[in-house]
Amino acid sequence: MTIAPAGTSGSLEQDDSRSDRLVLEKPRTRRQRPSSQRSGTNFEMYSWIFMRMSGLLLVVLVLGHLLIMNILDGGVNRINFSFVAGRWASPFWRTWDLAQLWLAMLHGTNGMRVIINDYAERDGTRFWLKMLLYTSSFLVLLLGTLVIFTFDPNI
Amino acid sequence: MPAAPAGTLYRGREGMWSWVAHRVTGVLIFFFLFAHVLDTALVRVSPDYYNRIMDTYKTPVVNLMEVGLVGAVLYHSLNGLRVMAIDFWEKGPRYQKQMTYAVIAVVLLVMIPGTYFMMQHTVEEMFGSTT
Ligand code: HEM
Numbered sequence: 001m002t003i004a005p006a007g008t009s010g011s012l013e014q015d016d017s018r019s020d021r022l023v024l025e026k027p028r029t030r031r032q033r034p035s036s037q038r039s040g041t042n043f044e045m046y047s048w049i050f051m052r053m054s055g056l057l058l059v060v061l062v063l064g065h066l067l068i069m070n071i072l073d074g075g076v077n078r079i080n081f082s083f084v085a086g087r088w089a090s091p092f093w094r095t096w097d098l099a100q101l102w103l104a105m106l107h108g109t110n111g112m113r114v115i116i117n118d119y120a121e122r123d124g125t126r127f128w129l130k131m132l133l134y135t136s137s138f139l140v141l142l143l144g145t146l147v148i149f150t151f152d153p154n155i
Numbered sequence: 001m002p003a004a005p006a007g008t009l010y011r012g013r014e015g016m017w018s019w020v021a022h023r024v025t026g027v028l029i030f031f032f033l034f035a036h037v038l039d040t041a042l043v044r045v046s047p048d049y050y051n052r053i054m055d056t057y058k059t060p061v062v063n064l065m066e067v068g069l070v071g072a073v074l075y076h077s078l079n080g081l082r083v084m085a086i087d088f089w090e091k092g093p094r095y096q097k098q099m100t101y102a103v104i105a106v107v108l109l110v111m112i113p114g115t116y117f118m119m120q121h122t123v124e125e126m127f128g129s130t131t
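As given, the protein sequences belong to chains A and B, one line each in that order.
Counting in our numbering, the first sequence runs from 1 upward without gaps.
Counting in our numbering, the second sequence runs from 1 upward without gaps.
Don't read these hints as lab results, they were simulated from the structure.
Remember, it's a predicted structure, so these values are computed and weren't measured experimentally.
Ideal Cβ positions, reconstructed from N, Cα and C, are used throughout, including at glycine.
Warning: the hint list may mix true and false statements.
As the list claims (entries may be wrong) - Derived list of chain B stretches under chain A, where covered just means 3 residues or more per stretch with a C-beta under 8 Å from a C-beta of chain A:
| no. | segment |
| --- | --- |
| 1 | 14 to 27 |
| 2 | 30 to 40 |
| 3 | 63 to 72 |
| 4 | 81 to 95 |
| 5 | 105 to 119 |
Claimed, not checked - Cβ-Cβ distance ranges computed for the label pairs, FRET-style:
| no. | chain 1 | residue 1 | chain 2 | residue 2 | range |
| --- | --- | --- | --- | --- | --- |
| 6 | B | R94 | A | R94 | 41 to 49 Å |
| 7 | A | W48 | B | R94 | 20 to 28 Å |
| 8 | B | K91 | A | N80 | 47 to 55 Å |
| 9 | A | S136 | B | E90 | 37 to 45 Å |
| 10 | A | M131 | B | R23 | 15 to 23 Å |
| 11 | A | L56 | B | Q98 | 17 to 25 Å |
| 12 | A | L63 | B | V27 | 15 to 23 Å |
| 13 | B | F127 | A | M131 | 44 to 52 Å |
| 14 | A | V114 | B | R11 | 13 to 21 Å |
Could you build all of it, start to finish, from the sequences and the hints given here?
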């Protein structure tokens, strides 16, 4: 783990590409955000805020979902096709499930992105793991959305 | 593996372990979500396929895994609220340890009746109904 990111302005060893070396800053250098070196946006800050905002909504959506589907009134034992058809007859539950699907997928995918960045140290490994993550998340999100929108109780 | 890090920010104790558990439960929930979207997608294929996959959810072993999943989600959501309290509440950092124990306490308090309701049917099937 690098305490100060290599390449930060003011570090004693400017071009230290070895990430295992402790880089000491000169006193009173302004801390430069690691992400600001590459792009002008604050992507990581928005991601941080998104994790918290989506988490707040997911508390209601996911815990409500688990309470209704798994705990109350017989839990998973009463769930079958007609149960789903009954629920999805109501726009309220379709909206609930759609919001839950999108927020959980985006929140979970972004969380996995952070974890990949933490542990995959080689650039190539990190890149391909994230490509795999984004493609599979995209396909699952697309499938889930289509299922909610095109559900047909008389299939 | 990369060379040994020059220093570590891992501090052990409640703060580190609650983070480890948050990360592990987050990954677990994420992978289950994939499976869950795929199994639910069977409602679009045929009622029979969907009912068959739901029947596997009702078997004892999967039923037990369901209890674990619900516990993991409950922990992740309450600990997520704790993380937000540390970030935004001025006294949050000072009470982070107490909040960790509060999270564990609530998880246990909810999971005891929760496990009962989730397992009730399975137990009755296996050992005969008491009513
Ligand atoms: C139910 C309400 C939920 C709340 C309140 C919540 C809260 C949070 C918060 C605040 C973080 C950021 C932690 C940090 O920045 O240190 C986070 C991370 C994460 N969450 Fe959630 N979350 C919830 C549901 C979910 C769901 C449904 C999934 C899976 C689809 C999930 C997967 C993750 C993952 C993988 C991470 C990254 C963990 C890490 O970086 O260590 N969360 N969650």
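Here is what the structure says about each hint:
1. 14 to 27: n = 3 at 8 Å, threshold three: holds.
2. 30 to 40: holds (count 6)
3. 63 to 72: Contact hint for the segment 63 to 72 of chain B vs chain A: holds, 3 residues under 8 Å.
4. 81 to 95: It holds: at least three residues are needed, and the segment 81 to 95 of chain B offers 4 whose Cβ sits within less than 8 Å of chain A.
5. 105 to 119: Satisfied; 3 residues make the cut.
6. R94/B / R94/A: 41 to 49 Å: Because 44 Å falls inside the window, the suggested range holds.
7. W48/A / R94/B: 20 to 28 Å: With a Cβ separation near 22 Å, W48/A and R94/B satisfy 20 to 28 Å, so the hint holds.
8. K91/B / N80/A: 47 to 55 Å: holds, 48 Å
9. S136/A / E90/B: 37 to 45 Å: holds, 40 Å
10. M131/A / R23/B: 15 to 23 Å: Given a distance of about 22 Å, which is inside 15 to 23 Å, the answer is holds.
11. L56/A / Q98/B: 17 to 25 Å: holds, 21 Å
12. L63/A / V27/B: 15 to 23 Å: At roughly 19 Å between Cβ atoms, V27/B and L63/A fall inside 15 to 23 Å, so the hint holds.
13. F127/B / M131/A: 44 to 52 Å: holds, 50 Å
14. V114/A / R11/B: 13 to 21 Å: holds, 19 Å
The structure fails none of the hints (numbered hints given earlier).
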